[in-house]
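Enquirer: Kindly produce the complete structure, drawing on both the sequences and the hints.
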Amino acid sequence: MPMSALDNNERLDPVRTAVTLGRKSDAASDQKNTHCKCAVITSENFSFYYGAKVGVKDITMEIYPCSVTAIIGPSGCGKSTFLRSINRINDLIPHTHIEGKLLVNGHNVYDKNTNLVNLRQQVGMVFQKPNPFPKSIFDNVAYGPKLQGVKNSSQLQQIVESSLQAAALWDEVKDDLKKSALALSGGQQQRLCIARALATKPNIILMDEPCSALDPIATAKIEDLIDKLQNDYTIVIVTHNMQQAARVSERTAFFCLGELIEYDRTVKIFRNPGKKQTEDYVTGRFG
Amino acid sequence: MRLFIRQITNKTFTVLTGASVLLLTVILLIILGPMIWRGAKAVVFKDTIEFRQMQLDLYNRGNPAGLQREADEAENCRKMVYETIDKFKHGIDVEELTDRTKQIYRQFGKELRYKDITGEEYQNIHSLARDLRNKLQAAFTSNDKKVIQENIDYILQYRLDKDLTDTTAAEYFTLAEEFRQSIENIDFNKRQQYAASLQQVEEIIFRLLGPRPGVPLPALTMDRYGATRWDLARKLLDKLLWSQQWIQQQAGQPLVKVRVSRAEEFAGTTLEPLFGYVENNLDKILKPQVTFYWQYFIDDSTPGHYFGGVGPEILGTLLLTLLAMLFVMPLGVISAAYLVECASDNMAVRIIRMCINTLAGVPSIVFGLFGLAFFVLFLVPLFGGPSKPCVLTASLTLAVLTLPVMIRASEEAIRSVPQTYKEASLGLGASGFRTFMKVTLPVALPGILTGVILSLSRVAGETAPVLFTGAIALGPLPKSLFDPTRTLSYGSYDMAVGDRLAMMVPHNQYGMVVTLVLLILCLNAMAIVLRARISRKLRGH
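Residue numbers (this note's numbering), protein chains in the order written: chain H, 1 to 287; chain W, 1001 to 1541.
Please keep in mind that the hints were generated in silico from the structure rather than gathered at the bench. There may be inaccurate statements among the hints.
Far from chain H by the CB rule (all over 12 Å, computed), these chain W residues [to be verified]:
#1 1003
#2 1037
#3 1081
#4 1135
#5 1177
#6 1196
#7 1211
#8 1295
#9 1306
#10 1322
#11 1443
#12 1484
#13 1503
#14 1539
#15 1540
To give an idea of the chain H side of the interface with chain W (calculated C-beta under 10 Å), a few residues [stated by the list, open to error]:
#16 134
#17 180
#18 181
The model shown is predicted, which means the values in this text are computed figures rather than measured ones. Ideal placement from N, C-alpha and C gives every residue a C-beta, glycine not left out.
Expert: Here it is as structure tokens:
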């Protein structure tokens, strides 16, 4: 393994630098926010198979409400697979099967009589590459509420405005909501996708590498947004970028080759990882 | 060295591809060019006064006062033609003359009975008249100039006879006098030949100038007018001036066709100046003018497309095309949606796919027969309709014809919608159906429109499927879905294999084909513009 040029003591501590960007202290996050309409995701020995190939194996973890949980790991370790199982978007892929239980808000997601529509309205998702519909900005954000049955145009207008404000996009687009969503920049499109996900008033927001296709300025904006949103929503973010995980999350899970290696507070994972594999990954010795 | 070879191959590739595109363009121009040039002659051409007269009579178009003035001017020029012909005719058309003689005799006999004369006088005058009649007939039918002269001299003796002047019988003398004048230059050996040739000349003049003024109008519309187009008039003029004859040039050799000038043929006779006169004054007789007959695309036509335009055909083609697209678009899109979204990859679905691909290559005549057997003879009667070819069955057949193309194009379009849109929509809680209708279909629309464009051309131009299921060559506009209709494609076929009548109007044959090509181009252009608009909106402009 190629060693870092600096020795152990002098190496750049990602956590210390990240911590100065304004992470919440551990004590504060332990308290449950009283105004938070939070939910919990529980995974009990959950496994996901693509045909015969293993996606993830035996994942047991709990995701706590009103916080940001990051999932990190090298490529192909099953982070996205796990994330996409939470709102069952993986159903689009044929020939897959699961084992174990995955509970969202207390209900087993893979139960036979799960209402997928309800589930997906409670669990919003933001994808890696911004994918707004080729419609106007207004129509994009109003898509979810319209599905929920909101027909009143003033109500829709209000929902669209509040979602765009929550996504920190309102000031930039309020002059022309009828403009096509594809005319926005990459960062704006991703914030639009977040606004779109927020419009259905979910409890949980899943983010699958949301900043990997964006430039640093847009990335910073989105990270600020995540910081703002975590007061009211449970956010699970998959990221390739360790520094990002250190910047935004309270808890971090480290996946490797389909298994959950370690899951603990971010500070601990980065400063004082329990497992050797984790330490090797966060210090950059592999992955 | 290697770099040099690579450069050469690159250059050769560029040159070859450029040359092949050029070749394609040239071939296209060679095929389309003459067709469009000749078809354009159906709309922009030099017309004649006959054409303008026909437009006024049949379509109520034009300025009657102005036309009347022109007709009077032309009339003066035409008089000379008719007079020349008549004069010559009387010299050789003995049948007419002998008939006239008999007529005069009968009429004179009737007149005589009412006259106040004695029985004996009656007998004398009557026998004189009979004598004159016989002599006149002998003069007409004889081939010997001397005999004719004798007879005519004999007849003319009685010119001043008091019993015959101021009666019908006086006409005998005028006939005799005229006959003497007209036979002066005639070579009697050639009388038979003259008669035959004269008939041809009269026929050509009839085609050129139309029926004579004062003569009752012929029954067929096409015979009521002379040459309506200047190019047709020039062709007829050529036929007038030159006749084709078979001549034995060498003994023992087969006969050779040779062009003989008719002026030479009639040399020395009173008919000779006719040819020079017609040649020099044809423009005064017919008054040609360049015209832009855009109503060609609107007008109905006379039977056989001799006069008029292709209006009903255009309407028929448009009706069938649009109805067929109306049937096939929902069916094609729904089938494609099923194949992409719902069908699992088992044997049944694979067989269905194979069938669809095979159907795309089936010859169109098979579809025509299928349409006849299934739609005309089975399906429509099943629902209580009449079992005859009609617009409904024809458009259903055309829809079935173009269904595989539509399904294939739609399938490609739906498949090419990025998965991310579907994921985003489902992630927001939409059902599969909502996702398809609100997200997938709008994004797939340009591809589906490509299928529409491909189908339009095929449907508009197909002849075989409509042959048995709803096309007619002659008939009124369809008043309901259960009437047959005329189409451009079937009309082109009908004109191409038609009889001599169709050959006389080549501009109409080309015109119909060019109209079909232009119609398809227009439909395609509209669909392409529509597709470009939708594409642009989807891309975010």
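Enquirer: Please go over all the hints and tell whether each is borne out by the structure.
Expert: Now the hints, each set against the structure:
1. Residue 1003/W, annotated as away from the interface, keeps every beta carbon of chain H farther than 12 Å; the closest lies near 39 Å.
2. Consistency note on residue 1037/W: stated as away from chain H, and its beta-carbon is indeed over 12 Å from all of that chain's, at 45 Å minimum.
3. The claim that residue 1081/W is not at the interface with chain H holds, since no C-beta of that chain comes within 12 Å of its own (minimum 75 Å).
4. Taking the minimum C-beta to C-beta distance to chain H, about 104 Å, the non-interface status of residue 1135/W holds against the 12 Å cut.
5. No beta-carbon of chain H comes within 12 Å of the beta-carbon of residue 1177/W; the shortest separation is about 98 Å.
6. Every C-beta of chain H lies more than 12 Å from that of residue 1196/W, the closest at about 81 Å, which supports listing it as non-interface.
7. Separation of residue 1211/W from chain H is adequate, the least Cβ-Cβ distance of about 69 Å exceeding the 12 Å criterion.
8. Once the 12 Å rule is applied to beta carbons, residue 1295/W is consistent with being away from chain H; the minimum gap is 46 Å.
9. The non-interface label for residue 1306/W is consistent with chain H: the shortest C-beta to C-beta separation is roughly 56 Å, beyond 12 Å.
10. Distance to chain H confirms residue 1322/W as a non-interface residue, since its nearest Cβ pair spans about 29 Å, more than 12 Å.
11. Consistency note on residue 1443/W: stated as away from chain H, yet its beta-carbon is not over 12 Å from all of that chain's, at 6 Å minimum.
12. For residue 1484/W, the condition that its CB be more than 12 Å from all CB atoms of chain H holds, with the nearest at approximately 45 Å.
13. Consistency note on residue 1503/W: stated as away from chain H, and its beta-carbon is indeed over 12 Å from all of that chain's, at 57 Å minimum.
14. With 12 Å as the threshold on Cβ separation, the claim that residue 1539/W sits away from chain H is violated: the shortest Cβ distance comes to roughly 6 Å.
15. Interface exclusion of residue 1540/W from chain H breaks down, the closest Cβ pair being 3 Å apart, not more than 12 Å.
16. A least Cβ separation of about 4 Å between residue 134/H and chain W falls short of the 10 Å threshold, and the interface hint therefore holds.
17. Residue-level restraint check for residue 180/H holds (minimum Cβ-Cβ distance to chain W is 4 Å; threshold 10 Å).
18. The restraint placing residue 181/H at the interface with chain W holds, with a minimum CB-CB distance near 7 Å, inside the 10 Å limit.
Violated hints, listed in ascending order, are 11, 14 and 15; each of the other numbered hints is respected by the structure.
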